[in-house]
Amino acid sequence: MGKPVLNLDENMVKRARKLAREITDEIQKFIDVRSTTSVERTVARFYGIDGVNHEGVPLPNVVVDDVQKSGALDRGITYWLVNACVAKSMSPQEIAESVGRGEFSLVDFPPQNESVVAEKIEELTQEALERLRKVRDERDKMLEELGDPAQPYLYVIVATGNIYEDVIQAKAAVKEGADIIAVIRSTAQSLLDFVPYGPTTEGYGGTYATQENFRIMRKALDEAANEVGRYIRLTNYASGLCMPEISAMAAIEGLDFLLNDSMYGILFRNINMLRTFVDQYTSRLICAYSHITINTGEDNYIKTSDPIDRAHTVTTSQLINEQFALKSHLKPKYMGIGHAFEIDPDIENGFLYEIAHALLTRELFPEATPKYMPPTRHMTGDIFKGYAMNTMYNLVSIMTGQSIQLLGMLTEAIHTPFLQDRYLAIENAKYVFNNAKNIGDEIIFKENGFIQKRANEVLSNAVELLEHVKDIGLISAIEEGTFGDIARKREEGKGADGVFTKGEDYYNPIFEMMEEELEEEEL
Amino acid sequence: MSVKKVDLSHLKPYGDQMDDGAVQLSFTLPVPNGSKAREAARQIANKMGLTDVQIVFSEDLKENFSFFVVYGHLNTSIDYNEIKVLEVETPKMSMEEVDKYIQEHVKRQIVVVGATIGTDAHTVGLDSILNMKGYHGDSGLERYKMFKVYNMGSQVPPAEVAKKVRETNADVVLVSQVVTQRNIHVKNLVELADILEAEGLRKSILLIAGGPRITHELAVELGYDAGFGNGTLPSDVASYIAVEISKRVL
Ligand code: B12
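Protein chains in written order, with this note's numbering: chain Z, 49 to 571; chain X, 10 to 259.
Read the hints as simulated data drawn from the structure, not as lab findings. Quick caveat, the model's predicted, so the values are computed rather than measured. Among the hints, a few may not be true.
Said to hold, decoys possible - Within a straight-line C-alpha distance of at most 27 Å, the following computed BS3-like cross-link-like pairs (lysine-lysine) qualify:
(1) 351/Z x 433/Z
(2) 537/Z x 142/X
(3) 109/X x 154/X
(4) 485/Z x 13/X
(5) 478/Z x 223/Z
(6) 212/X x 109/X
(7) 196/X x 173/X
(8) 542/Z x 172/X
(9) 196/X x 537/Z
(10) 116/X x 542/Z
(11) 71/X x 478/Z
(12) 212/X x 116/X
(13) 56/X x 116/X
(14) 154/X x 142/X
(15) 537/Z x 172/X
(16) 542/Z x 66/Z
(17) 478/Z x 381/Z
(18) 172/X x 157/X
(19) 256/X x 212/X
(20) 223/Z x 13/X
(21) 66/Z x 518/Z
(22) 154/X x 116/X
(23) 223/Z x 71/X
(24) 537/Z x 173/X
(25) 542/Z x 351/Z
(26) 66/Z x 51/Z
(27) 93/X x 13/X
(28) 267/Z x 71/X
(29) 351/Z x 142/X
(30) 77/Z x 381/Z
(31) 173/X x 542/Z
(32) 62/Z x 494/Z
(33) 433/Z x 21/X
(34) 136/Z x 168/Z
As the list claims (entries may be wrong) - Ranges of calculated distance between the beta carbons of each label pair, as one might list FRET restraints:
(35) 146/X x 478/Z: 37 to 43 Å
(36) 212/Z x 41/X: 18 to 24 Å
(37) 154/X x 80/Z: 46 to 52 Å
Using N, Cα and C, we set each Cβ at its ideal position, and we do this for glycine too.
Only chain X is shown next, with the shape it has when bound in the complex (with noise of 0.2 Å):
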C-alpha cells in the first residue's frame, strides 16, 4: 500500500486525498437567487481557479442577495520551498530568563511605554501583555523585574505617547491597535511613528506594535520594528525585547 507523498514544490490544497485541491468556500451575490444566480457563483468560483465546482447550498437573503456554499478543486499549485517569511526571530525565554538576561545584558531596568492609540477604546489586548497577571498563564511584563512599565490605557492620542516616551526616558513603546476598518490602524500607527521621528525619539526607542490584525511584515512596513498578532504572549515579546536592546546597549 503506497501514499502518495506530499510534493513542496507543487503545493495544494489537501481534502482527503493527496493533491485534491480542494476547496470549501462561500460568498453573498448581489443578485436573487436562482439558476441564473447558481450559474454566476459557479463561474466565479472558475475564475478563482476552482475546478468541478459544486453549489451545494444556496439560499435567498431577500433584498436581491443569494447566499452560496461552494465546493471545488484548485488546479494550479504553488512552491512551499520558495516561501520567506517575516518573522520575529528571537530565542524563546522564560521570565526568569529574561530577567537574567536584562541583568547580564542590560544591567539596568528597561522603561516601557504601552498604550492604545487613536480613538481605539480596546485594551484587554495589550493588558494581557503588561498586566502582572498576562495571558494564558504567561505573566505580563509588570511582573518581570527588569521592566519598569507606563500602561497609558486606551483612546490615548499619538503626542501623549511622545510626551510620555520624553518624560520616561523610555526604550520601549509597545502599541496596540484592535480596530482596523477602513485601516485606521495603519493610519493611527504611521501617526505615531512620524511623530516620534519629527521628535528625534524615533533612533532611541524600539517601537512595537500589536494587535489581532497586525502581522511583523505589515508593523515593518509601516517602519516599525516588530509586530505581534494573535495569540502572542507577553514572554514573546519580553524575550524580543531583551534580545533587542542587549543589542543597542552594546
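Extracted from the complex, chain Z is given alone in its bound form (with noise of 0.2 Å):
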C-alpha cells in the first residue's frame, strides 16, 4: 500500500509516540547505571575470547565468573581482562585459557603501568570494532550485489535440532523461494545462562545458537544465495538470558536478523526485568552497528491475551520497542516491528479487524519493516482448514504490504515443520503474493467505516494505555499483566543475580565507541 488509507489521527499518533518516549525515559535511567554478567561476557567475545575450558565451561563466562567471584565486576571486565594481558604479555584469548586451567585469577595482578594499559585497550577496542565493520560492510556489499528480494520476504524456520540437517532443509527452502531463514533455538536455551559452543546435532523443537552453527548457516545460505541469484537473510534468537552475547555472535557471523524484543524474556521465559532491560539495550547497539535487523516480539501477547480486546497492547508495546530500538541507536529500517493474524477463525468479521490491525502497524510504523507472523493458536490438527487460514493471512499481508511475512504452516499445532509443510507454505505466499500483487494499490476504505474506525479505536485505546504506564511506570504495568495478560514481579524471574551497578571506576570502551560511533552518523 503506498499511501496512508486510514485516516489516523496525526495527534494521537505524536501523542502515542512522545508518552512511548517517556516510559522508556524512564527505564534508561536504570539500564544507563547498570551492567549485566551477560554484557560483559560479550565484550569478553569482542576481545576475541571464545571455545570452553575442560569441563566444557564457556571461557567468557570463566573471565567473568572469576572477577565476579573476587567482587571486582563492578569496574567492568575490561580493565582486569586487558591488565592481565599486560602483566602477561598475552592476548586475551590466552589469559581466558589460563584461568580456565586455574593457573591465576584475573584480580592478582597489581595495577600495570595505566598509560600501557590504556593503549592496549585502546588497539583491542579499534581491532574489535574493525572485526564488526568488516562483517558488517561485507554483508552490505553482498546484500547490493545479490539484490534485495521483493517484499514481503518469505520467511521460514528450520528446527531439526541437527545444524548439518537444518542445512539441508534450509538450502531446499531457499530454491524453493524462501528470502529469510531462521534456525529455531532448542526449548529452554533461553533458560542458560551461557551459550553452548561447537556445532550441535541434538536439541528440542530447535537447534542451539551457537557460534559454530551461526557459521555452519550462514557459509552453506551464502551459497545458495549465490545460487538463486537473490540475497538470502539468516536469522536467530537474541532473548533470553544471553541477549547481548547472541548479537555479539550474530555481528561476528554476519546474521541479518535478529528476534530481539525488550520484553519477551520477561513475560514469557520469566527472566528478570532488569536483566532484560539493561541486556536488550546492549544487544540492541550491537545491531545497530552491525545493521542487524531486530524482530520485536508482540505477536505472542495475542497468543495469550484476546486478539481483539487487547489489540491496543502489541500497538502499545510496538511503541515501546520502537523507543528502547531508537534509544540503541537503531534506524526504523532495521526494525521488524511484530504483530500477528491471530484472531479466532469462527470471529464475523475477523478478517476485517485483521486487515485494520495490520494496516494500522503498516502505517504507524511507515519506515520500520513490519513482521508479521501467522496463525497458531487457532490451528488445529485439521491441516486443511489451517491451509486455508494461511492463505488469508498471506492476502492480508500482501494487501497491507507488510514487509516480513513468517510464513504458516498447515501442520503448526502438530510439529515443528517437516520439509513438505515448508513447500506447501512457500506455494501458497508465492500464489497470494504474486495473485493479488498490486491490490494494496487499488484499495481505498470507506470512509469512517468498519476498518478505518477499528484502527482509530486501538489507536485511542493503546494511548489511553500509555497515559497508564506512563503514570504508574513500566515495571509497574507488567507486574499488573498489562502485556499478554501475564504478571511479572520487578524482583522475580531468572538471572537477577547477574544484573550489578556500575562501580564509579567502571570502563566499556567497546560500547562507549559504538554509541559515539553511531551518535555522529546521527547528526
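Got two chains here, separate frames each, mind docking them using the hints?
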C-alpha cells in the first residue's frame, strides 16, 4: 500500500510516540547505571575470547565469573582482562585459557602501567570494532550485489535440532523461494546462562544457537544465495539470559536478523526485568552497529490474551519497543515491528479486524519493516482448514504491505515443520503474493467504515494505556499483567543475580565507542 | 434401491462408497523427483497395504527430495467390535453439580496444585483448565467453590511440585506437557511420578497429566491416574476429580 488509507488521527499518533518515549526514558535511567554478567561476557567475546575450558564452561563465562567471584566486576571486565594481558604479555584468549585451567585469577595482578593498559585497551577495542565493520560492510555489499528480494520477504524456520540437517532443509527452502531462514533455538536455551559451544546435532524443538552453528548456516546460505542469485537472510534469537552475547555472535558471523524484544523474556520466559532491560539495550546497540534487523515479539501477546480485546497492547508495546530501539541508535529500517494474525477464525468479520490491525502497524511505522506472524493458536490438527487460514493471512499481508512474512505452516498445531510443510507454505505465499500483487494500490477504505474506525479505536485505546503506563511506570505495568495477560514481579525472575550497578571506575570502551560512532552517524 | 450397510467386523475407510477403502495421503521421499521416484512412492503405498495406487501429484522439493500426493484403496480391514480403548469414565457434571457433589461426598474443599513442568513454557492449556475464565465458555477450576487451586505456572522443576504438594496438603496434581519433541514430555512426566513416589506422596494424591498429545492411555502407562488431551474442558477434569476423590474419602 503506497499511501495511508486509515485516516489515523495525527495528534493521537504524536501523543502515543511522546508517551512511549517518556516511558522508556524512565527505564533508560535504570539501564544506564547498570551492567550484567552477560554484557560483560559480550565484551570478552568481542576481545576475541571463545571456546570452553576442560569442564566445558565457555571461556567468556570463565573470565567474568572469575572477576565476579572476587567482587570486582563493578569495574567491568575490560580493565581486569587487559590489565592481565599487559602483566602476562598474553592475548585475551590466552589469558582466558589460563584462567580456565585455574592458573591464576584476573584480579591477582597489581595494576600495570596506566598508559600501557590504556593503549592496549584502545588497540584491542579498535581491532574488535574493525572486525565488526568488516563483516557488516561485506554483508551490505553482498546484499547490494545480489539484490534485495521483493517484500514481503518469505520467512521460514528450520528446527531439526541438527545443524547439518537444518542446512539441507534451509537450502531446499531457498530454492523453493524462501528469502529468510530462521534457525529456531532448542527449547529452553533462553534459560541457559551461557552460550553452548561448537556444532550441535541434538536439540528439542529447535537447534542450539552456537557461534559454530551460525557459521555453518551462514556459509550454506551464502552458497545457496549465489546459486539462486538472490540475497538470503539468516535469523536467530537474541532473547533470554544471553541476549547481548547472541547479538555479538550474530554480528561476528554476519547474521541479518535477530528476534529481539525488550520484554519477551520477562513475560514468556520469566527472566528478571532489570536483567532484560539492561541486556536488550546492549544487544540492540550491537544490532544497530552491525546493521542487524531486530524482530520484536508482540505477536506473542495475542497468543495468551484476546487478539481483539487486547489489540491495543500490541500497539502499545510496538511503540515502546520502537523507543527502546531508538535509544540503542537503531534506524527504523532495521526495526521488524512484530504483530500477528491470531483472531479466532469463528469470529464474524475477523478478516476485517485483521486488515485493520495489520494496516495500523504498517501506517504507524512507515519506515520500519513490519514482521507479520501467522495464525498459530487457532491452528488445529485440521491441516486443511489451517492451510485455508494461512491463505487468508497471506492475503492480508500483500494487501496491507507488510515487509517480513513468517509463513504459516499447516501443521502448526502438531510439530515443527516437515520439509513438505515448508514447501506447501512457500507455494501458498507465492501464489497469493503474485495473484494479488497490486491489490493494495487499488484499495481505499470506506470513510469512517469498519476498518478505519477499528484502527483508530485501537490507537486511541493504546494511547489511553500508554497514559496509564506512564503514570505508574513500565515496571508496575508489567506487574499488573498489562502485556499478554502475564504478570511478573520486579524482583522475581531468572538472572537477577547477574545484574549489578556500575562502579565509579566502570569502564566499557567498546560499547562507548559504538555509541559514539552511531551518534555521529545520526547527526 | 439399496445401500450397502457397514460391516463392523470388517471396517474399512470410506471414500464415496461403502468398503471402497479409499485413502488419501502425502509424503516426501529423499530422492529427486521423476518417474523412478513416482514408482518408488507407488511401491511404498503398496507396502502400506494400498491397491490401485495413484500418484496424483509429485513435485521436486529441491536438494534431492520429492513430494507426493497419493490415493489408494485399502484391501484389509479391522474388527470394530473387538476394539477397547482406555478412557476416563466419569459422568459429566456441570460446575454446580460438581460443587454439590464435593459438598455432599467430600465435605471440604479439594486442594489442587497445577504446573507445566520441566523446561516447557506453555501455560495456555493449563490456564484454560485452572483460570476462572476457563475454556470455550466452560469455567475453570478456580471458579468452583469446592476447589482450592494453586497454579504454579510453567518451567516448574518436578521437585518444586513435590514441595508444593507437601506445603499445601494437595489432593490433586495437574501437570501439563505441550512440547513433545524427542519424547521430552514422557521423560518429564516419569521424573515427576518418580519424585512423588520417592517422597512417599504418590499414594495420597490424584495425579493427572494433560496436553495436546496426552492420552489417557499414555498417562496410565506412565503411572498417572488419568490423562486429558486436546479439547478438554475444565468441567471434564472437575467431574473426574470430584468422583475420584470422593471414592478415596470413603
Ligand atoms: C502459544 C504457543 C506458544 C507460546 C506459549 C505462551 C504460553 N505462555 O503458553 C510461546 C510463544 C511462548 C511458545 C513457545 C514455544 N513453543 Co509453542 N506453541 C504455541 C501454540 C501456537 C499454541 C499452544 C496453545 O496455547 N494452545 C491452546 C491451548 C488451550 O491448547 P492446549 O495446550 O492443547 O491445551 C488444551 C488441552 O491439551 C488440555 N490440556 C493442556 N494442558 C493440560 C493439563 C492438564 C492437567 C489437563 C487436565 C488438560 C490440559 O486442555 C487444554 C484445553 O482443552 C502451539 C501450536 C498450536 N496451535 O497448538 C505451539 C507449539 C505447542 N509450540 C511448539 C514449540 C516447539 C515451542 C518452542 C519450543 C519453540 C522454540 N524452539 O523456542 C517454544 C517453547 C519454549 C519452552 N521453553 O517451552 C510446538 C511443539 C511441538 C511439539 N509437539 O513438541 C508447537 C506445536 C508449534 C510447532 N508446530 O512447532 N509457544
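Output the indices of the hints that this structure fails to meet, ascending.
4, 9, 10, 13, 16, 20
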